[in-house]
Amino acid sequence: MLLDDRQVIEYARRAESMNLHSIWVPESWGRDAFVTLSYIASLTRSVMLGTAIVNIYARSAASTAMAINTLDLYSNGRAVLGLGAGSKRLAEDWHGLEFKNNIARMKEYVDVIRLISRGERVDYNGRVVKVKGMRLGFKPLRSNIPIYIAATNQGMLKLAGEVGDGAILFLMPMNELDKQVRMLKGINPRLDVALVLITAVSNDAQRAIERAKKSIAFYTAVGSIYARFLAEHGFKDEVEHIREEYRRNGLKDIHMLVSDRMLSSLALAGSIDDCIKQLRSFIKGIDLPILLINPVYNAEEDYIVFEHMMEEVVRDEGC
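Whatever position you read off the sequence shown (first residue = 1), add 76 for this note's numbering.
Heads up, some of the hints might be wrong.
To be verified - Computed cross-link-like contacts, SDA-like style, restricted to lysine to any residue with a CA-CA straight-line distance of at most 20 Å: (1) Lys360 to Gln282; (2) Lys290 to Phe305; (3) Lys176 to Arg258; (4) Lys234 to Asn264; (5) Lys164 to Met210; (6) Lys234 to Arg197; (7) Lys353 to Gly262.
Claimed, not checked - Computed beta-carbon distance windows for the label pairs: (8) Leu78 to Tyr150: 34 to 40 Å; (9) Gly195 to Ala307: 17 to 23 Å; (10) Leu78 to Arg258: 20 to 26 Å; (11) Glu320 to Pro222: 38 to 44 Å; (12) Ile179 to Lys328: 21 to 27 Å; (13) Gly202 to Asp254: 44 to 50 Å; (14) Leu119 to Ile380: 40 to 46 Å; (15) Ile369 to Gly231: 47 to 53 Å; (16) Arg218 to Lys328: 45 to 51 Å; (17) Gly213 to Arg356: 22 to 28 Å; (18) Lys353 to Ser98: 21 to 27 Å.
Source of the hints: derived by calculation from the structure; they are not laboratory data.
Model, not experiment: these values are computed from the prediction.
Here a beta-carbon is modelled for each residue, glycine too, at the ideal position from N, C-alpha and C.
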């Protein structure tokens, strides 16, 4: 269960009213991130608008440059571009491109977007990305739209530190966070480190916990990169059991194989007080926590509970 169309807009309005820093919209196989953020831009005035993430196989670098500069123009300079390499299934099965040379592709993709965003004619002959005679047909509002790179493995993490304005971490076990943040900041002390946290909050703590476990199980089952990383960093048994059960019976009940230890290392789940306490543990050294909302009950109750939690977080200067 994901946020429906009405919930996306309602959460965006509430984020603006609470003076939250930013709203981030994912994509993969869901709603188009740029279209969604453009609509949200028309309903808001100050909150930053980020893609977390759009895939570098889903669009050419030139088309992404056009999209993010258009969003930036119509939002009056509030756009942030989050990019990721995605997966072999997404690249090859859905977009017909060979999933390879991800680090080179990302580096060149970022180069081209930055060049195009200057408003000049671009000729670029990279190893993977090639552009000839490209120039935007309008003057970009900003020539330096922030670019955040989603990364899990060491090669992409290193690249994020070298060429990104920020790094986006997801499904990063708590005991690995400090190590990875120190590595990133060692490359670039000014780098923004964002952490996407699966978040399920409800007055019914057990139901929220079950909801968060379903999300963790889903990403572990279908995401080979996440599964491999988690298996290598303390959750080998859980990953093997989840993926084996998924192969045999699909998604049904695989969340029951997510241990409480795995849950507490990867997500915020439970009551408002539970989630605030967990959030404090995660955000040490993190510049920007991004809460990935997982609906628990009906829309109205979820809005109220989430809003109450965020009001508490905003009031707490330690968060």
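Here's how the hints hold up against the structure:
Our distance criterion of 20 Å between C-alpha atoms is broken by Lys360 and Gln282, whose separation comes to about 26 Å. A threshold of 20 Å between alpha carbons decides the hint, and for Lys290 with Phe305 the separation of about 18 Å falls inside it, so the pair holds. Pair hint Lys176 plus Arg258 does not hold up; C-alpha atoms about 28 Å apart against a cutoff of 20 Å. Taking the CA atoms of Lys234 and Asn264, the gap is near 10 Å; set against the 20 Å cutoff, the hint holds.
Simply put, Lys164 and Met210 have alpha-carbon atoms about 28 Å apart, too far for the 20 Å limit, and the pair is violated. For a cut-off of 20 Å, the pair hint linking Lys234 to Arg197 is broken: about 30 Å separates their Cα positions. With a C-alpha separation of about 28 Å, the suggested pairing of Lys353 with Gly262 is violated against the 20 Å cut-off. In this structure the hint that Leu78 and Tyr150 lie 34 to 40 Å apart at CB is violated, the actual value being about 25 Å.
Checked against the given bound of 17 to 23 Å, the beta carbons of Gly195 and Ala307, roughly 46 Å apart, lie outside it. For Leu78 and Arg258, the Cβ-Cβ distance of about 34 Å falls outside the hinted range of 20 to 26 Å, so the restraint is violated. Between Glu320 and Pro222 the beta carbon distance is about 41 Å. The supplied range of 38 to 44 Å therefore holds. As the Cβ distance of Ile179 to Lys328 is approximately 37 Å, the hint placing it in 21 to 27 Å is violated.
Against the hinted window of 44 to 50 Å, the Cβ-Cβ separation of Gly202 and Asp254 comes to about 35 Å, which falls outside the hint. Between Leu119 and Ile380 the beta carbons are some 20 Å apart, a value that contradicts the proposed interval 40 to 46 Å. Our hint of 47 to 53 Å for Ile369 and Gly231 is violated, since their Cβ atoms are close to 30 Å apart. Between Arg218 and Lys328 the Cβ separation comes to about 47 Å, which falls inside the hinted range of 45 to 51 Å.
Gly213 and Arg356 have their C-beta atoms about 47 Å apart, which leaves the hinted 22 to 28 Å range violated. The beta-carbon spacing between Lys353 and Ser98, approximately 23 Å, falls within the hinted interval of 21 to 27 Å.
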